[in-house]
Amino acid sequence: MVEQLEMETGRISRLVKNKITWIVVVSIIAAFTLGYFLGRNCEDRNEPPRYYPPPMPQYPGART
1 MVEQLEMETG RISRLVKNKI TWIVVVSIIA AFTLGYFLGR NCEDRNEPPR YYPPPMPQYP
61 GART
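Going by my numbering, the residue at position 11 of the sequence shown is 11; the numbering climbs one at a time, nothing skipped.
Please keep in mind that the hints were generated in silico from the structure rather than gathered at the bench. Warning: the hint list may mix true and false statements.
Between beta-carbon pairs, the in silico distance windows are [stated by the list, open to error]:
id, residue 1, residue 2, range
1, Phe32, Glu8, 35 to 41 Å
2, Leu5, Leu38, 47 to 53 Å
3, Leu38, Gln4, 47 to 53 Å
4, Gly39, Glu6, 44 to 50 Å
5, Gln4, Phe32, 41 to 47 Å
6, Gly10, Gly39, 29 to 35 Å
7, Gly39, Lys17, 28 to 34 Å
8, Glu3, Ile23, 43 to 49 Å
9, Gly39, Arg14, 34 to 40 Å
10, Glu6, Val26, 42 to 48 Å
We put the CB at the ideal spot given by N, CA and C, even for glycine.
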């Protein structure tokens, strides 16, 4: 009974660790891409930096 409980907690902690590492990796990649795009936008000084999201794609059948 105790060994089974230890096995369960070990599996759960491993799952949590995997999820945490996955979240960290994804957030790092997102931060890099965001910084890259913002830096690239700020490089051309002719136009002000664009912070608004791009327009939504028009789907066929959507009311316009």
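Hints versus structure:
no. : hint                      : result
1   : Phe32 x Glu8: 35 to 41 Å  : 37 Å, holds
2   : Leu5 x Leu38: 47 to 53 Å  : 49 Å, holds
3   : Leu38 x Gln4: 47 to 53 Å  : 51 Å, holds
4   : Gly39 x Glu6: 44 to 50 Å  : 49 Å, holds
5   : Gln4 x Phe32: 41 to 47 Å  : 43 Å, holds
6   : Gly10 x Gly39: 29 to 35 Å : 43 Å, violated
7   : Gly39 x Lys17: 28 to 34 Å : 33 Å, holds
8   : Glu3 x Ile23: 43 to 49 Å  : 31 Å, violated
9   : Gly39 x Arg14: 34 to 40 Å : 37 Å, holds
10  : Glu6 x Val26: 42 to 48 Å  : 30 Å, violated
The structure fails hints 6, 8, 10 (numbered hints given earlier, in ascending order).
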